[in-house]
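K.L.:
Heads up: the sequence lines are chains A and B, in that order. For the first sequence, counting from 1, position 213 maps to 213 in the working numbering; every step adds exactly one. For the second sequence, counting from 1, position 25 maps to 25 in the working numbering; every step adds exactly one.
Treat the hints as calculated values from the structure; they're not laboratory data. Where hints are given, some of them may not hold.
The list makes no distinction among identical chains, and a pair is therefore deemed to hold if it is satisfied within one copy or across any two copies.
[To be verified] Capping the alpha-carbon separation at 30 angstroms, the derived lysine-lysine pairs in DSBU-like fashion look like this:
(1) Lys299 to Lys264
(2) Lys40 to Lys55
(3) Lys264 to Lys132
(4) Lys231 to Lys299
(5) Lys261 to Lys55
(6) Lys262 to Lys55
(7) Lys231 to Lys21
(8) Lys40 to Lys21
None of the values given here were measured: they were computed from a predicted structure.
There are 2 protein chains.
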Amino acid sequence: MGYFRKAIEQMAGYISGFQPKTADAVKLNTNENPWPCSPKVLEAIRKLTAENLQKYPEAVADSFRDVSAVVLGVNPENIICTNGGDDLLTICFRAFCDADRPVALAEPTYSLYPVLAGLQGCEVIEMARDSKGSLGQLAQANAPLTIICNPNAPTCDFIPIDELAVLAGQLSGVLLIDEAYVDFAEDNAVRLINDFDSVIILRSMSKGYSLAGIRFGYGIADAALIDGLMKVKDSYNVDTMAIAAATVAIGDQMHLKDNVKKIKTERSRLTQQMRTMGFEVPDSQTNFVLARSVKKEAKTVYEALVERNIFVRYFSLLGLDDKLRITIGAPEQNDKLLVALTEIIG
Amino acid sequence: MGYFRKAIEQMAGYISGFQPKTADAVKLNTNENPWPCSPKVLEAIRKLTAENLQKYPEAVADSFRDVSAVVLGVNPENIICTNGGDDLLTICFRAFCDADRPVALAEPTYSLYPVLAGLQGCEVIEMARDSKGSLGQLAQANAPLTIICNPNAPTCDFIPIDELAVLAGQLSGVLLIDEAYVDFAEDNAVRLINDFDSVIILRSMSKGYSLAGIRFGYGIADAALIDGLMKVKDSYNVDTMAIAAATVAIGDQMHLKDNVKKIKTERSRLTQQMRTMGFEVPDSQTNFVLARSVKKEAKTVYEALVERNIFVRYFSLLGLDDKLRITIGAPEQNDKLLVALTEIIG
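Please model the complete structure; the sequences and the hints are all you need to start from.
P.N.:
Here it is, written out as structure tokens:
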């Protein structure tokens with residue numbers, strides 16, 4: 001064709017988790033929450049009128065900023081709302097990276113980061129997340145943008161916030177802490193924005209709040225950093241319905257806590273039972289586990305599960321191709337998975 | 001700060017039309033539709049369940065593509081769905097432009113284009129839209145991306161599709177025809193995608209379909225061009241609620257036609273009456289007029305309207321600073337405007 005920039009022509013594009021069409025599929029492949037969102041969300045959506053939809057949305061989603069600021073103990077000026085967490089990632093790459101300004105990552109991590117780097121035409125400085133010294137190596141690389149996914153996808157592990165504070169102090173560029181899964185973890189990094197004007201925390205309503213369908217994420221950072229990111233976002237990047245839904249959802253912290261508690265209970269049960277079957281399952285701080293298949297090849301297990309209409313995530317990548325990433329489902333979904341795994345492993 | 005790319009530090013950012021907070025304001029400044037969307041839209045939204053919102057949306061909004069393909073007489077593969085028309089513009093800049101690949105524009109036009117060029121770090125080749133030879137000049141510039149807004153914002157004029165076909169044939173790069181306002185025009189350019197694999201048509205649900213609040217736009221182009229654009233868009237760039245709303249809205253062409261007819265009637269009335277008052281008002285093919293204020297300075301008229309809680313758009317830009325851009329409102333809004341203008345002009 002020749003119409004596109006070379007980087008676009010040459011790239012494969014990001015591949016999302018498969019969405020099975022049958023209603024009876026057990027879908028444990030895209031880290032969705034098996035329990036419903038707060039009932040207040042549906043109420044809020046159903047109250048919307050044609051007049052609400054006729055007008056452009058709030059340009060910076062002030063309703064959400066006001067409520068979430070109270071929940072998070074920050075000011076509304078510390079918050080930028082985005083069309084899912086992915087939109088914030090895109091904004092950060094466009095704001096901080098170019099051919100002369102690389103991004104630094106500890107791999108394996110969220111596979112979208114290198115795709116966005118490719119789109120932006122910036123170099124990716126990669127190091128291994130599993131080595132103890134990876135934060136020191138990131139500090140040494142000292143890139144204009146450093147991204148840490150914490151807790152990490154797909155490895156489920158969690159870096160203590162004190163260690164991230166040390167890293168933030170060493171870097172002269174921006175440290176983006178992707179907390180998409182933090183609702184299931186033991187701590188979070190919000191307090192760092194008081195000490196560092198260079199730290200951005202990414203949050204998502206997709207996982208803990210059961211709202212993957214509404215595409216709503218947000219960033220938390222020093223007000224000056226937020227101001228700069230606002231220049232890069234689309235003028236009206238979140239819609240009226242999503243703002244209404246996200247605002248009442250984050251206002252209902254009781255519902256979140258209840259939901260997270262149920263997932264943690266199932267996470268413990270799945271982890272224990274899979275260990276009993278011989279899988280290596282590290283403790284998880286997310287709503288999924290990354291299980292190493294010891295008795296049979298991970299790919300074989302994955303395919304045998306697909307045959308049973310059970311979908312988990314398999315990555316044919318070095319260091320991951322012996323593992324399965326499994327979303328914590330509802331009890332009956334996890335039961336079906338465990339029965340199937342018992343059959344497959346034998 | 002120093003954290004951002006230089007282009008971001010130096011830019012001012014796009015300024016959206018002011019959103020007045022009082023409910024009794026007459027809001028004719030952001031080209032919203034004064035009549036409500038199809039009642040089917042609210043029905044569709046109210047049918048959504050918590051389960052719909054828990055899951056990620058359709059990655060490429062197949063429901064919308066299937067219905068709109070029928071309406072437009074194209075194939076679903078010819079359509080990309082985006083988070084408002086602005087998202088498609090951003091995608092195109094990222095797909096086709098960089099430091100070595102400029103964009104060509106005929107000014108004055110939608111003021112977001114040069115902002116996006118600034119973000120992407122590409123040169124803007126500008127020529128005057130009002131000169132008869134501007135299409136010839138665009139052909140000569142032969143940029144990797146040429147954008148024509150048609151009908152144009154803020155000048156309301158319409159370039160015949162045959163002339164755009166000639167331009168498309170002369171260019172070796174992509175021709176993006178921004179048809180955000182085309183529902184109010186006499187013709188459209190969809191047929192060009194059969195003859196040119198380099199033409200992209202931008203559409204929006206914000207204006208004709210009264211759905212500015214849902215952020216839903218789409219592009220129509222050759223399937224290979226769409227495939228490339230898909231690599232650049234965020235994985236889940238439109239949400240489940242917006243897909244549901246947009247799909248039933250575009251399926252209700254009766255409602256659209258009825259709505260557009262009412263706006264055209266009011267457009268004629270406003271145009272005639274403002275001409276009688278001494279404004280120069282060119283015929284419009286959009287849902288707004290661009291009126292040159294002859295008797296008093298446009299800025300003075302704008303400010304006197306604001307004092308009366310009536311909001312129109314004033315651009316303090318060369319060639320536009322003697323004009324007001326006025327959205328076609330509902331009859332009672334237009335009446336209030338006309339009364340106020342009579343008072344102000346004297």
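K.L.:
What are the numbers of the hints that this structure violates, sorted from low to high?
P.N.:
none
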